[in-house]
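**Q** In case you want the letters, here they are:
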Amino acid sequence: MSKTILTVDDSRTMREMLMLALSEAGFSVVQAEDGVHGLEVLEKATPDVIVTDINMPRMDGFGFIEGVRRHEKHRGVPILVLTTESDGEKKDRARRAGATGWIVKPFNPVKLVDAIRRVAV
Amino acid sequence: MDPMAAIKQTFFQECEEQLVELESGLLRIEDGDDDLETVNAVFRAVHSIKGGAGAFGFDELVEFVHVFETTLDLVRSAKLAATPAVTKTLLRASDVLADLVRAAREGGSADAGAVKIIADELNALLGSAPRGNDEDDTISVDALDFEPVCISLDSIFDLGEPDAPATQDFILRFKPSAGLYAKANETLRLLRELGRLGEMTVECDLHEIPQLTELDPEGAYLCWTIHLTTGVSEQQVREVFEFVEWDCELSIETADVGRLLEALQESLEPHEAPAAPTVVAEPMEKRIAVASPPTSYAAPSDDHPAAAKADAAKSDGSGSVQATIRVDLDRVDRLINLVGELVINQAMLSQRVSEAGLSRASSVVIGLDELEQLTRDIQDSVMAIRAQPVKPVFQRMSRTVREVASMTGKAVRLVMEGEATEVDKTVIERLTDPLTHMIRNAVDHGIEKAEDRIAAGKPEEGALRLSAMHRSGRIVIEVADDGAGINRARVRQIAVSKGLIPAEANLTDDEIDNLIFLPGFSTASSVSNISGRGVGMDVVKRAIQALGGRISISSVPGRGSTFSMSLPLTLAVLDGMVVTVGGQTLVVPLTAIIETLQPKKESVHELGSGARVIATRNTFTPLIDVGAVLLYRDEPIEAASQVALLVESESGAKCALLVDAIQGQRQVVIKSLETNYGHVHGIAAATILGDGRVALILDVDAIVARPRADMIVAEMPVAAE
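The listed protein sequences correspond, in order, to chains E and X.
Residue 68 in the working numbering sits at position 68 of the first sequence, with consecutive numbering throughout.
Residue 626 in the working numbering sits at position 505 of the second sequence, with consecutive numbering throughout.
By construction, these hints were calculated from the structure, which means they are not laboratory data.
Note that CB positions come from ideal geometry on N, CA and C, so glycine has one too.
Among the hints, erroneous ones may be present.
[To be verified] Going by beta-carbon spacing under 10 Å, a handful of chain X positions derived as facing chain E: (1) 132; (2) 141; (3) 144; (4) 168; (5) 304; (6) 368; (7) 370; (8) 731; (9) 732.
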């Protein structure tokens, strides 16, 4: 059975790109538009890895990561944050919130899949 | 269609949406909206464009967006104030951004000159603002306080090739902490990754595993030693631990360095061994410059849940999914007027029915009671349409605080409470100016300079609290500072020097504090351009009173001052005291009334020229016969048979108004006299009573003002003596 990835990003462009890259690599993909939506999706889906953006309306990536880490069922799911090379502070905050790792934007599909492989069982 | 081409199309569609969002957000900021969420939305729009542009390799676009984004990030973190000039530049940058997006879509190129001009302006803004360490990801060397030393092995030992050897032996010591597992990282996966790099042997040290009864299932007890033979560099080995370096103890040394160290140690005996030239990645926290929170929404950086919740709550209120409709204000006002008529009609009907002598148990009376309740509910609901949260005004104040604080070089933190408290739109609109003035005063005069605060044992940063709450059908807004409090000696001295009080006046602390509300009083030794152009607290008081409000101050020396304003929730209805004067029914606004008195013959004194005063609690208050002022009667009436209402006018003057009788207290619907008839001196507005008669609402200030002017003239020679 293919692994399921939950992508959380408010940008349609980004969601479509992630969908394309991940489905071509053989993953199943579920999508959410922001942190609040992401936590809602987690009530139904059981992803193996979560890939989330930081800057989002309603609930940002930090809040979302903390929400997942408090989630009874999904607290052990590896979470990768999409971040930019230059933003060490965000990476740091995401890590403190409980992120497993990060993917530097603009991502390339190979690195994305590689990062997922590194954190997934 | 090629999937990437389809995504590109999505990207350009999204760009168009983001550009609209960006511009409208910037325009709101230009209009003084400094809601953090607005700045965030603007930032997100640009950030989002950057993300896509990077993925599609629109380098020209990325380059510009990056500078734009960095500038907005400074605005967002309050390191760069969104002054009109800055906002203007940002708006022009959004125009350039739109051009660049269009150029990217059409495969052309934008006007490079225009792009450069704006990019240079943005760069100038970046250069002018303080930059925190967090901007820079290459600080790890400094943050580690670690001097990189280049050790040339060749100069000590002949280890062969100066180039990196084809394979290298590494010894890794890796001790995960519990945090590593909490973040869903796994030793097994890390070992698997290491295994991909070359040959390895793994030893696991189990010594720290406690007895089963003491074992924490989420604890970390294992320590790993890995011998790795690989062709990759140490850097690449280290990258395997990229995600976990804060959550483990990790040392990586090359077997060669290990041998070298042993050799060095032997040769240096019995001297102390030098520090090992290994890099130990210990858990470490980068120093992060946390900007002082611009509003209460910016929680400390460690307080993510609260911040996230606040964010979520905020966007729930401003999100696009909100079920709202826009209605022309005129229509709402017409509805309010009609409901006013309904209330009056209902009251008239009630009165007729009660006059008809029907039993209280009759179905008509019961039905009428229900109608009355319904009418009241409708009135409340309609008033609620005009009600708005005070938040926008409050948030404008945070900008004011920032501006004045930076102008005066003080550090001030604004705490806002009860921003969601709702009040009539008109009240909100007319609250902005007095509130701005009070906030400026509080920062400029209330809060001390940093050195004075430190000397007084207070935190260097002053605290200003702006709060709103509903209290018994009114809204109470407080501006509290933790500054030096009112300098009573100085206030008194100024009041005396300006002839506002006699030098020998015996005043309580409270009375002295309230002197600052007197016209012409200004404690500032020079008229600064901060606290207003010679505008004093009297103007603030007048503005608040014009809204049917009251303002008071309480101050504790050394601890700060609190200004408290109490305002009506709406301007469409008024709580009034219905009184009879010369056979006419009049309404006196309840807010003006301090108390009611039954004058005794011996407490009323004639001053000659027809003026009278009444003795109340050791002070003499001018006594005014409302009937005479409004020309209902020619001769002033005997006071002892009357009722006196002790009132306070906007100017703070107290006066006793003589009326024939009090009918009761009632909420009345305000009807403008000017639009229906014309201005009448001494009358503020009109209302229609339950019996269908028109009752005039008294303009207390106008009534009080004329005789008061006479009084001041009369007092002046006394004060001068």
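**Q** State for each hint whether it applies.
**A** Verification of the supplied hints:
1. The closest approach between the C-beta of residue 132 (chain X) and any C-beta of chain E is roughly 4 Å, which is under the 10 Å cut-off, so the hint is satisfied.
2. For residue 141 (chain X), the interface hint is violated, the least distance from its beta-carbon to any beta-carbon of chain E being 15 Å, above 10 Å.
3. With a least beta-carbon distance of about 17 Å to chain E, the hint placing residue 144 (chain X) at the interface is violated under the 10 Å criterion.
4. With 10 Å as the threshold, the beta carbon of residue 168 (chain X) comes within range of chain E, its nearest partner Cβ sitting at about 5 Å, so the hint holds.
5. A distance limit of 10 Å between C-beta atoms decides the matter here; for residue 304 (chain X) the minimum to chain E is near 5 Å, and the interface restraint holds.
6. Restraint check, residue 368 (chain X) versus chain E: the minimum CB separation of about 8 Å is within 10 Å; hint holds.
7. At a threshold of 10 Å, the smallest CB-CB gap from residue 370 (chain X) to chain E is about 17 Å, leaving the interface hint violated.
8. The interface hint given for residue 731 (chain X) is broken, as the beta carbon of that residue sits about 70 Å from the closest beta carbon of chain E, more than 10 Å.
9. Against a cut-off of 10 Å between C-beta atoms, the interface hint on residue 732 (chain X) is violated, since the closest Cβ of chain E lies about 67 Å away.
Hint check: violations occur at hints 2, 3, 7, 8, 9; the rest are consistent with the structure.
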